[in-house]
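Once you have looked at the hints, place chains B and C on chain A.
Chain residues, written in single-letter form:
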Amino acid sequence: MFRVSEVLTYLEFARVGFVNILAYRLRYYTGVLTYSINVAVYYFIWKAIYAHSSEIEGFDLSDMITYVAMGWVVRSFYFNNIDHDLAVQVMEGKIAMDLIKPVNAQLMYVSEAMGESCFRLFMLSLPTLVVLSLVFPLKGPADWRLLPAFFASVVLAFFLVALVNFLVGTCAIRLKSVLGLLRAKHFLIEILSGLLIPISFFPGWAQRLMDFLPFQFIAYGPLLIYLGKRDAAGVARTLALQLLWVGILFLLGHLWWRSSIRKLAVHGG
Amino acid sequence: MRKHLTLLSDYFTQYLKVRLSYKGDLVIAVLTSFLATVLALAFVLVLFSKIPTLQGWSFEEVLFLYGFSLLPLGLFNVVSLNLYDFGNLYIMEGKFDRILLRPVNSLFQVIFEEFRLESLQEVATGIAIVAYCSVKLNLSWRVQDLVLASSVVLCGSLIYLAVFLSLTSVSFWLEDRVGLVPPVFNLLTFGRYPISIYNGFVQFLLSWIIPFAFASFYPSARFLRRRDFDLYFYLIPVVAGLFFTLSTLVWRQGVRNYQSTGS
Amino acid sequence: MAMMVQVQDLAKEFRTFRRREGVWGAFQNLFVREYQTVKAVDGISFDIAPGEMVGYIGPNGAGKSTTVKMLTGILVPTRGVVYANGFVPYRDRLRYTKTIGVVFGQRTQLWWDIAVIESLKLLRKIYDVSWRDFQERLEHFDQLLRLKDYLNTPVRKLSLGERMRCDLVAALLHRPKLLFLDEPTIGLDIVAKKNIREFLKEINRRDQTTVLLTTHDLSDIEELCQRIMVIDHGRLLYDGRLQAFKEQLGRWKQVKFFLKDRGDFAELESLFAGDTLQCERLDDLTARILFLRDQVSSAEVIKKVLSRLEVRDIAIEEESIEEIVKNIYQKRNPKL
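Chains as they are written, first to last, in our numbering: chain A, 1 to 269; chain B, 1001 to 1263; chain C, 2001 to 2336.
Just chain A, same shape as in the assembly:
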């Protein structure tokens, strides 16, 4: 198990992540705007769609607007750049610096991202939520008692994203130009997480396929809890599956990193 001093080390990484992010000043001034624009695009699209039907797949217009808006608010919290940071470290040949630190790289990157996300919560997610609820007609949580479960689910979503990003970022060690892969992953997560469109809108075969993937627990899972479209058993199931995926991705990341840096040691950085 971890010793206290080790946990403190990773907390330090979290603090560094927190301070680092402050250096990107403009990103936070414009961040609220960026997220609001994204919500606006989909708001108009859904409004046009619901002009002709009052309900699709159990979602009415106000459900859908809330779904989209809360989806982007949640995304502003769980989002991180681990994949990109890792790739840049590799491209600039600085990855060796990570290797000589006596810490677990995966935990280090996730801790830094955690610090970042704490910062995003206050500087980005909450302001965005305020702006969005002023501009768009958003619904409150369907059941206030489920709010803790929703928060827990969002935190688990953060870990899912961070671990996926670590996995993809590590590919930079083996590939020269990994930026295309990162972009593809970006779109893959946007669509398969259910951020852009609820998973229940997908054709049946796609839904069955996605049951074997972790992505729907990034946005779709937490958002259904918020909208009250999951009963108690469903909520428990979502949380349990999220935990399971965190475990699996953690293990995969660990193994993938270990085998990748061995490659690095052989070929030289």
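Don't take each hint at face value.
[As the list claims (entries may be wrong)] Quick partial rundown of chain B residues pointing at chain C, CB under 7 Å, derived from the structure: (1) ASP1010; (2) ILE1099; (3) ARG1102; (4) ASP1228; (5) SER1260.
Hints were generated in silico from the structure; no laboratory data involved. Ideal Cβ positions, reconstructed from N, Cα and C, are used throughout, including at glycine.
Positioned in the frame of chain A, the structure of chains B and C alone reads:
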């Protein structure tokens, strides 16, 4: 002018040499780039499995909009790489010094020093989508239509270049690695849907402030035989020329303000 | 004779903001920034004649780079006049840069991923050098620097010394009348340094190339330049012949003593108490005695010390260029 053209071909040849020396890597880059293009389309595909039309626009028409929007964007993406990273690479790390020491237009160097070859994939995908939809929608293309389409596509690229160049120039004044590009980059998505679904404010924004509609929607509407937007169609070259001129002025002012703090 | 470089009352001010430290400080930076104006170059004037080789020195942050950047057209001056080779650098940039060469020792001007020869061929076109001139010059440079061995290697794979040679060639390909060198020998071994200095001398002799050289390495200047300019805090402190500079200002000398015991320092200090000499402690077991060359000789100092103490070792050193500069600066501001 001739010097610049030979230089452009030299820059490009050098880039190709480096790029082709890692063939496997180039293949992966093209494939992942293609995957990203298709995934960006997934929303429309899933959506239309549930609805017949989007405010009177059929699936093929919306698909056409997306396909056509890829043409100017893909061309722009081939040369835009350094614009996205400008604040970081050129300003914060001082690479712009080197640009200014050479007797060649600074903007020319920044744009053509690096390419993103795999973005040509977007142009190809765009053409394929437009062709598919044209068949489905019974749209015929005469030679003069093709000439017209090519010129508005070039104007579209110029509009993208103008918008992102102006934003990039902001890095000369504000020291920031990210800059103002992300929020505007997100506006690109707006241009892929029928402009009539938006409210007046967004329509105005997309036409006259950040004129992405002139790069993708207005040209597509014309080729889809939607005549309500014809007036806008004829304004495309004017808007492109105007915004591009403005952006080069902003750039020039920025260069004068360059502080060369990196190193 | 027309001057190659004319600078009058040249100044550059930067607006920077003060970064606060810590988490809370970073938070404050997000919203409120305290700006301050830094005078990097604060009104300097000088002329350089064609064919001169001038050393430009000063401590880090003194304004050296900023001056060079204004002279090369990278920065627009806040005030003052610059003429170089008949141009106003920032205004006539495209025509002016064709007539100058620039080498930054810390950063290569070549393309990182492509072979040196490809970089040079690109530069040939950028600077409109004819194919014949290009070949001829490359041949000549090869004789002086022996380039052929690595012309086909990408820049990123070159050693620092090889890279510097290539950078010099790249900067001289178009036979510039004016050459700016910023730390051209930094990080190089002695052989490479010597090679590059010989090369620069040859270029200056053959083509009458005017050279402005900034460096930390005094021996570069001693080898190459007859004239030096010293800058600190954005102002020129000295502009004149190198020899005169050293005679007038380099009057201090130092002897370093490597002590056997920590306690010996007190002894040493008491030895020179009340003298005009300065006794400084550098670390636990090292001390130095600073004295004026024309008042005391090193032999006297050493004799005095050895009569009382046993030491491990002794080193006699001339004053370094940085120290001379520091001394001039202290003379201007007696309080410091």
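Are any of the numbered hints broken by this structure? If so, which, sorted upward? Hints 2 and 4 are the ones this structure does not satisfy, whereas the remaining hints hold.
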